[in-house]
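> Given next are the chains, with one letter for each unit.
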Amino acid sequence: MVKTIIKIDPITRIEGHLAIEAVVDDGVVKEAKSAGTLFRGFEIILQGRDPRDANRLTQRICGVCPTAHATASALCLDEAFGLTDKIPNNAKLIRNLIFGSNFLQSHILHFYHLAALDYVDAAGAIGDVAPFVPRYEGDYRVTGEANAELVNHYVRALDIRRKCQEMLSIFGGKMPHNVGIVPGGVTEQLTEDKITNFLWRLNEIRDFIDNTYVPDVIAVAKAYSDYFEIGKGCKRLLAYGGFDLPAGQLFKSGVVSPDLQLESFAQENITEDVKHSWYADSTSGKNPAQGETKPEPNKKEAYSFIKSPRYSGKVCELGPLARMVSNYVQGDAVTKKLIDSVLSEFGAGVDALYSVLGRHAARALEAKLVADAMVDWLTALKPDEPTIVESQIPEQGEGAGLTEAPRGSLGHWMTVKDKKIARYQVITPTAWNASPKDDKDQPGAVEQAIIGTKVKDKDNPFELVRIVRAFDPCLACSVHLLDGRGIELGVFRVV
Amino acid sequence: MAVKKYPVIWLQGAGCTGCSVSVLNAVSPRIQNLLLDELVPGHQLSLMFHATIMAGQGEPVIEVLKDTEENRKGGYILVVEGAIPTAEGGAYGSIGERAGKHLTIQQSVEELGKNAMLTIALGTCAAYGGIPAAKPNPTACKGVKTVFSEKGIETPVVNIPGCPVHPDWFVGTISVILFSGAQALDLDQLGRPKLFFGQLIHENCPRRADFDKGKFAQKLGELGCLYKLGCKGHYSYADCPLRQWNNGVSWCVKAGSPCLGCVEPEFPDGTSPIYEKITLEDMIWSKQ
Chain A
1 MVKTIIKIDP
11 ITRIEGHLAI
21 EAVVDDGVVK
31 EAKSAGTLFR
41 GFEIILQGRD
51 PRDANRLTQR
61 ICGVCPTAHA
71 TASALCLDEA
81 FGLTDKIPNN
91 AKLIRNLIFG
101 SNFLQSHILH
111 FYHLAALDYV
121 DAAGAIGDVA
131 PFVPRYEGDY
141 RVTGEANAEL
151 VNHYVRALDI
161 RRKCQEMLSI
171 FGGKMPHNVG
181 IVPGGVTEQL
191 TEDKITNFLW
201 RLNEIRDFID
211 NTYVPDVIAV
221 AKAYSDYFEI
231 GKGCKRLLAY
241 GGFDLPAGQL
251 FKSGVVSPDL
261 QLESFAQENI
271 TEDVKHSWYA
281 DSTSGKNPAQ
291 GETKPEPNKK
301 EAYSFIKSPR
311 YSGKVCELGP
321 LARMVSNYVQ
331 GDAVTKKLID
341 SVLSEFGAGV
351 DALYSVLGRH
361 AARALEAKLV
371 ADAMVDWLTA
381 LKPDEPTIVE
391 SQIPEQGEGA
401 GLTEAPRGSL
411 GHWMTVKDKK
421 IARYQVITPT
431 AWNASPKDDK
441 DQPGAVEQAI
451 IGTKVKDKDN
461 PFELVRIVRA
471 FDPCLACSVH
481 LLDGRGIELG
491 VFRVV
Chain B
1001 MAVKKYPVIW
1011 LQGAGCTGCS
1021 VSVLNAVSPR
1031 IQNLLLDELV
1041 PGHQLSLMFH
1051 ATIMAGQGEP
1061 VIEVLKDTEE
1071 NRKGGYILVV
1081 EGAIPTAEGG
1091 AYGSIGERAG
1101 KHLTIQQSVE
1111 ELGKNAMLTI
1121 ALGTCAAYGG
1131 IPAAKPNPTA
1141 CKGVKTVFSE
1151 KGIETPVVNI
1161 PGCPVHPDWF
1171 VGTISVILFS
1181 GAQALDLDQL
1191 GRPKLFFGQL
1201 IHENCPRRAD
1211 FDKGKFAQKL
1221 GELGCLYKLG
1231 CKGHYSYADC
1241 PLRQWNNGVS
1251 WCVKAGSPCL
1261 GCVEPEFPDG
1271 TSPIYEKITL
1281 EDMIWSKQ
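Going line by line, the protein sequences match chains A and B. For the first sequence, our numbering gives the first residue as 1, with consecutive numbering after it. For the second sequence, our numbering gives the first residue as 1001, with consecutive numbering after it.
FYI, nobody ran anything at the bench for these hints, they're computed from the structure. Don't take every hint at face value.
[Said to hold, decoys possible] Calculated pairs, DSSO-like style, for lysine-lysine (alpha carbon to alpha carbon, straight line, at most 27 Å): (1) A/K420 to B/K1135; (2) B/K1101 to A/K458; (3) B/K1066 to A/K3; (4) A/K286 to A/K420; (5) B/K1219 to A/K417; (6) B/K1135 to A/K417; (7) B/K1005 to B/K1066; (8) B/K1101 to A/K30.
[As the list claims (entries may be wrong)] Pairwise CB distance ranges (calculated): (9) B/G1181 to A/K86: 57 to 63 Å; (10) B/D1037 to A/K222: 50 to 56 Å; (11) A/D372 to B/A1002: 26 to 32 Å; (12) B/A1184 to A/E229: 55 to 61 Å; (13) B/G1075 to A/V2: 41 to 47 Å; (14) A/A219 to B/V1040: 35 to 41 Å; (15) A/G313 to B/E1154: 55 to 61 Å; (16) B/S1175 to A/Q261: 56 to 62 Å; (17) B/V1040 to A/V129: 17 to 23 Å; (18) B/P1029 to A/G127: 49 to 55 Å; (19) A/P246 to B/K1151: 56 to 62 Å.
Note that beta-carbon positions come from the ideal geometry of N, C-alpha and C, so glycine has one too.
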């Protein structure tokens, strides 16, 4: 049988730059390479700077989900500055409202503007005009009025995602790159008029999520129901936990095994392998708190600049699917009701969630979960109480900031020496999901989701891009490292 | 009336996509008008290449670049977002694969820049290098104008800085080009349209009266002028206090944060520590 290598470079409609290579044998993917080669100059640039600046600068890692970095960084600085147990309730809630607004804009943007063009025939409704052509041709199954309506929603969602940003800036000052979240709390004054203003912007967005976004995901799922069987992945899920509340967290931390057994999460169990990454082998298997970054761009076995984060040596998937299933198996009543209502629509069990459509459904339901919780956070605010505590940069200190970004668990780790940043380490959710093989040659989560997929048309490999985009990869600031002659280094080739 | 179409090639270099996301936040006109409608009567943009938005992927979209460059010579607008990594001959950043090789950001900016009608360096990274070019500048990132002048490329460059850029600054600049032609853009010595970057933040700041009275916030979260908490508004040129951000909802100083000076070529090295007072002299000396 003929072996074919399908290489898609660039994978567009994601954040940042990613290339995918799949070895197809007899119509089935036998091997997959997620070659998201990433050079993280940020950690080098941060060294020696004022620790507080990390809160503003790390947001610039990603313009789609900057608030995730602002949150992780603030939690990291809170700990290093000895403030973790002093953060006022108002500050926790306002940080969540700022971050929640970013969540909603990111999820809506992802479904309509990054993913939907793989399912919806935009050129059919609008015409063969840029930027809707060129594109893969063939498998667009929604037609006529139903298609026109989805295209209308693509356009309407542009307004809604913008309004999420406008809502965010009530407390965040501006977006992208908010200025409101700082170590110790938030900078903006808390007044009643802002709460009401926020609430009514939120209500319009909730209406869109309930009556447009969730129904559209279900409509697409009905037309493409075979995608409940495609892109299963590693089935081991991880959530650090996120959205700190006065008591507990909205997203519960946990590790869920393929047979839905729950294990508690401990950050000490995170390690980063580098056998297939362009880093020195001597740095492999370290916890990020002791992590080292020694580039070795000529390393033979490597094909990515992303390291391979693993949990107790195992491959994990992060993101909305992981969070919703983690909440589900921990008996969170709201999550359970949301998930069960959609599964019953398709007469499906939890297993159907481990799929391309399951990831989209989990993301849409999670948007509803967050949006509804935001109403509770708003009403819990107390305008006569503080929103910030004063902070002092310590001579020495260490901090870890773990949270849940729209795309999955995000961690920042920092060491302060002589009031300056001595060390800053970031592990993004896409590093987990789009990681290369690890030291035991286990493929990363996206790679596993691709392997075994039947590709119907190698010239229009819809299956591959639909699988990849369902993970909502974010490779901001990713740069391909090539050698001086412009020839790529170490890219995997099957011969 | 025949509609004049302006093909737009939008390249993303060493950046965060934040300027694209910010342009999606445009209000009047909205992004859908920018993409699909005559922005001004008889004139329309046509977004041929934008990695985050366009439907296609892989080889066919890379071909669009060559097609536009060859067939629309002198007739397309190049928008560059993000800085240009120039170390190792541009090898640290690529936008895709062409003929089995990576097409570097530097190569694509140079090729497309040569034949563009005009290049817009969108955001502080593209204009001046920005955060990727901050010390120690690991990938030798540069702004568009620097790369063009080193390569003898004479295509005019308009800098629209900001981290991110304000959507109105982009839409407003395009409006001048479509209505009156690129030659009508009145630029300052840093290549920025004076229309948006003609006045200091400090001149129009609503907390200016606090500064004049000597009422300074001593810690974050307090009312009063933010000068002592590191506000860079006294040497940053932009209309944020008048225009505000996100459909006029707020902006940095209104939210109780010092201005970061994100529109200036010195951002971030010359404007940090962010929360410490830095005078104009401090900033200038930091460059030496």
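> Give a verdict on every hint.
Checked hints:
1. A/K420 to B/K1135: Judged against 27 Å, a Cα distance of about 15 Å means the pair holds.
2. B/K1101 to A/K458: 21 Å, holds
3. B/K1066 to A/K3: 30 Å, violated
4. A/K286 to A/K420: Roughly 24 Å between the alpha carbons, so the hint for A/K286 and A/K420 holds.
5. B/K1219 to A/K417: At roughly 23 Å apart (the allowed maximum being 27 Å), A/K417 and B/K1219 satisfy the hint.
6. B/K1135 to A/K417: 19 Å, holds
7. B/K1005 to B/K1066: 18 Å, holds
8. B/K1101 to A/K30: 24 Å, holds
9. B/G1181 to A/K86: 57 to 63 Å: 58 Å, holds
10. B/D1037 to A/K222: 50 to 56 Å: Violated, at about 33 Å.
11. A/D372 to B/A1002: 26 to 32 Å: Violated, since A/D372 and B/A1002 (Cβ atoms, about 51 Å apart) do not stay within the stated range.
12. B/A1184 to A/E229: 55 to 61 Å: 58 Å, holds
13. B/G1075 to A/V2: 41 to 47 Å: 43 Å, holds
14. A/A219 to B/V1040: 35 to 41 Å: 37 Å, holds
15. A/G313 to B/E1154: 55 to 61 Å: 57 Å, holds
16. B/S1175 to A/Q261: 56 to 62 Å: Since B/S1175 and A/Q261 have Cβ atoms about 59 Å apart, the given range 56 to 62 Å holds.
17. B/V1040 to A/V129: 17 to 23 Å: This hint holds: roughly 18 Å between Cβ atoms.
18. B/P1029 to A/G127: 49 to 55 Å: With a Cβ separation near 20 Å, B/P1029 and A/G127 fall outside 49 to 55 Å, so the hint is violated.
19. A/P246 to B/K1151: 56 to 62 Å: 57 Å, holds
Going down the numbered hints, you'll see the structure goes against 3, 10, 11 and 18, while the others check out.
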